Amino acid sequence: MIALALAILMAQEIQSSNSDGYTPPADSQPPLHINGYVDLGWAKAQGNGTSFAPGDMRIPADYGVDTFAPAVNSRGDVASTDSGGRFTNGFLPRSVGIGGYPSFLINTVDVDLRYQPSTAPLMLFTRFQLLPRVSSAGENTRVLVEQAFARVIPFASQELALTVGKSDSVFGIEYLENQANLRTGVTPSLIARYTTGQSLGAKAFYRIQIAPLWTAVSVNLAASNGGTLVETLQPQSASLTGTPVFSGRLGLEVNLPSLEVKLGLSALDGPRNDQSQPGVRQKALGGDARLVFGPVELRGEWITVTQDEGAGDKMNGLGRQTVVSKFDVRGGYGQLGLGFDFSGAVRRVAVYGRYDRRHARFEGFTPITVDRITAGARVDLWESLAMKGEYLMNRELAGAPNVANDVVTSSLVYTW
Amino acid sequence: MRLLFALLLAAASGKHDWLGSEMPLPLAVRTPQDLEFKSVAEREYLIFNLLTSGKVAWDAGDFTTAAAKWESLLAVPDLEVSIDKVVRPFAQEARRKAGGKAGDVPPPPAPRVSREESAPAPSPRKREVTSVLVEGTVSGGGAAGPGGAVVWLRRTDGPMPKLLPARKVVLQRGKAFVPRVLAIGEGSSVVFRNDDPINHNVFSLAPHFDTGLYGAGGEKEQVFDKAGVVQLLCNIHSSMIGYLVVVDTPYFAQADATGAFSIKGVAPGQYDVEAWHEYASQPAKAKLTVGRDGAKLALTVAGDRQPPQFPPDKYGKPRQQQLGY
Chain A
1 MIALALAILM
11 AQEIQSSNSD
21 GYTPPADSQP
31 PLHINGYVDL
41 GWAKAQGNGT
51 SFAPGDMRIP
61 ADYGVDTFAP
71 AVNSRGDVAS
81 TDSGGRFTNG
91 FLPRSVGIGG
101 YPSFLINTVD
111 VDLRYQPSTA
121 PLMLFTRFQL
131 LPRVSSAGEN
141 TRVLVEQAFA
151 RVIPFASQEL
161 ALTVGKSDSV
171 FGIEYLENQA
181 NLRTGVTPSL
191 IARYTTGQSL
201 GAKAFYRIQI
211 APLWTAVSVN
221 LAASNGGTLV
231 ETLQPQSASL
241 TGTPVFSGRL
251 GLEVNLPSLE
261 VKLGLSALDG
271 PRNDQSQPGV
281 RQKALGGDAR
291 LVFGPVELRG
301 EWITVTQDEG
311 AGDKMNGLGR
321 QTVVSKFDVR
331 GGYGQLGLGF
341 DFSGAVRRVA
351 VYGRYDRRHA
361 RFEGFTPITV
371 DRITAGARVD
381 LWESLAMKGE
391 YLMNRELAGA
401 PNVANDVVTS
411 SLVYTW
Chain B
1 MRLLFALLLA
11 AASGKHDWLG
21 SEMPLPLAVR
31 TPQDLEFKSV
41 AEREYLIFNL
51 LTSGKVAWDA
61 GDFTTAAAKW
71 ESLLAVPDLE
81 VSIDKVVRPF
91 AQEARRKAGG
101 KAGDVPPPPA
111 PRVSREESAP
121 APSPRKREVT
131 SVLVEGTVSG
141 GGAAGPGGAV
151 VWLRRTDGPM
161 PKLLPARKVV
171 LQRGKAFVPR
181 VLAIGEGSSV
191 VFRNDDPINH
201 NVFSLAPHFD
211 TGLYGAGGEK
221 EQVFDKAGVV
231 QLLCNIHSSM
241 IGYLVVVDTP
251 YFAQADATGA
261 FSIKGVAPGQ
271 YDVEAWHEYA
281 SQPAKAKLTV
291 GRDGAKLALT
301 VAGDRQPPQF
311 PPDKYGKPRQ
321 QQLGY
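Heads up: the sequence lines are chains A and B, in that order. Per the numbering used here, the first sequence starts with residue 1, numbered consecutively. Per the numbering used here, the second sequence starts with residue 1, numbered consecutively.
Just chain B, same shape as in the assembly:
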């Protein structure tokens, strides 16, 4: 909200249509990927508005407004060096013409010296790398292959960004959970939607939850606020098995059928890595150093575990799948 308020304030004085005064941007947010996209777009939109509306004010002789716009722009974290280089002289001049001092303009970001790199010192104008890509492959998983493996990173040398809870959907379709394996962040909710023409139920023994019965088109939502693996079952159809992997870090991804995965927005640093797979009795673990250029990772998960031969009912009693009930 504060971001939107600031954006609105920043754009309020512009009368030019091409400045695009509409805020917030009308971009749909249905998934975390949508949210990530919108965040990037709004950042670029903000930079453009501050940059150009400052120039419009400068051209109109409104140096107070121009100085305010450009000073806001120069305060944007991780602003590209090329923009800083162009705008800073204008901002200092606008502030001077508006009756202030050039020193009122926000200073350029202080150089950050890595603990591991004592020399040479980075340039004061050099942009700090705050998020990079971690990508890799998972192999193993037995006959089922590595698809669906959930990989997550936990930083060991610093704090991690907060995790934004998401809202995901798991279908019951064709007497199966779709997707069969889903990774979610702690605090996220899952909507269980019945796409079959028959009744279904979703339950887990640990953590315990039970949606009760619901028919075609019905939905039940459940929040998962504790990290761990949740085995999803249906009390009616013993063959239905699915998994939620609830993680307590924002850095996670699922491998595709080939085992490939990528985690975006990872801050450089030291990490513990874990990979869970349905057919592995234990998660694979590794250490990872994420540098300024990102990191590549290769993990192998075991294939030593079978799906439960006798999936339990919601009271924990084993059921024989061959019976069909």
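Pulled out of the complex, with its shape left as it was, chain A reads as follows:
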């Protein structure tokens, strides 16, 4: 009797849920997604904000120093490119024009439009960037169509993505965090100028998973008007030769539960797209590695680039340039990061250090070797705000005069 009563009481204690889950109707999802970010900064560069040494009278002035060294933001814009009247030949980054003065900056106002209907394996994507430049000494304010492409994933059973339009590079890994809200730190590496430029053309990505080994092999190929140089160094949106530049990356990734290893080999071959003769070539090779283990992330990349000597003037993003030397460069970086996640308003705290080294030579000019030591921290607040601070110690090791061009920079990125 007691057993019966207890049994019934126990049966009454058992409760069950009313939930079988919820999946919204496919057509209830709006196909258009509008996102973006605003990147505000504050920066102070040593000296006059450039890498030009006051007493260095060699010309072209930008061939004897690393003009990209005093970077202040995620775009790689530098504090200044003012050469003091000395002749330069277009091997220059964009400039925010603040010289050696501390200044607040509006680095980027980014708007991404992604149209992805649920009924088709198609996606249209555009990335517009407003670049307000408040100093008359630097670049003018402009709007950049950084990306505009269509992507098709034709087979449901295959990891194959085909892209046509202006899109990210496929070379190396730094393009994956080229935007201010994605990059752990503030500034790009010293080799980013060769690998992270967007180009207009077609891309194909294919990946095959090896499930028992938690491993995947991928191939990413592109045929584009230009190469992967940043937009000041090549006119990416038009082909000056009619011959495409081919680039690609072969990747291997091992995604174990607590350890990620990603390795890649990249290559590029095609005409210099600042020349009109397709026989004037550019080539690049690169290797990259990433390792994530718990809070530790280790990443590195190495490249070598060669460009043939041109027969005439060159046309790049900064205009017509008269000297077209043979050029070769090799360099790389290694970055160690340590990140910790939290559940409150502070979502993540990360500290990082990076070592960059670059050796470059314009034929007929003094080769230069520079390096950079970068240290910084990033704090992510809630789901949409990132605060970053960074110190760049730039050093001229050989071929370039020592100059005070270290940078303190910071960034506040709101993603929406």
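Hints were generated in silico from the structure; no laboratory data involved. Note that the coordinates shown come from a computational prediction; the quantities given were computed from them, not determined experimentally. Don't be surprised by glycine CBs; every beta carbon is placed ideally from N, CA and C. Be a bit skeptical, because a hint or two may be false.
[As the list claims (entries may be wrong)] Some chain A residues near chain B, calculated using beta-carbon distances under 7 Å:
#1 T23
#2 R151
#3 S157
Please build the complex by placing chain B on the supplied structure of chain A, with the hints as guidance.
Chain B only, in chain A's frame:
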């Protein structure tokens, strides 16, 4: 088990086919709803068997058995008053004829006086209400609407029944989690079944779990033993996002596309209410008094949150969906 044992004992002496001696009832239990159904059916089945087998024994002059059957019947909690009224005289008489005293028959349930109701005192025969229905609607949720909102109740003036862990299934179908949002009780498990012709992975950063890769038709099961919201992601397909809402109360439900929801079996009392929605940055909260006739509830969830623009990979690195990898 004890219930089944008791049921078997109670039904053992009956020889009549119409008494239905089969125990346990062959009702499939695949979902909590199935279990709830089976519990109700078995309760009614038990009452019927005790009621009628007692009468069969009475008719056969076996007063000892009749008294035992009916006394067991009268001990069933929350027995309907009409049954008690019919059976109790028979049970007392059977006990007397079996050589006992009518006082051996279990007394009727004592009247329960609510702390909030001092008068009039409820009738001793009045059935106590132990579970009622809470129903309502959720509104808001922004452009996505209120569908999928998870509503749960936590009692503040007394204990809650134990939560029975369930086993649920979430499919990976068409590079999406189906269902996209699922509420489960603490301690429940979820089977992740790959219905696509490609490999998938399921992981969460908090709490951390990682199923590894598995192909078409493959299944991986994961137990969720801590209350909270679990964001489900696939390490291969950055566009795949789903949510498990793990609750530590048996009183929960999910709103349908119109926002309607209902929670059955709620004991009258005072409750804190929370409602989570994928597009709300904070859960909606309310207080609720559940009376003997149940309660109705209207909640509004915000629509101030967007799906992650850069879903992380399983190591926490953000991924750009437009890349397709």
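Status of the hints after comparison with the structure:
| no. | hint | in the structure |
| --- | --- | --- |
| 1 | T23 | holds, 4 Å |
| 2 | R151 | holds, 6 Å |
| 3 | S157 | holds, 4 Å |
Figure legend: structure checked against the earlier numbered hints; every hint is met.
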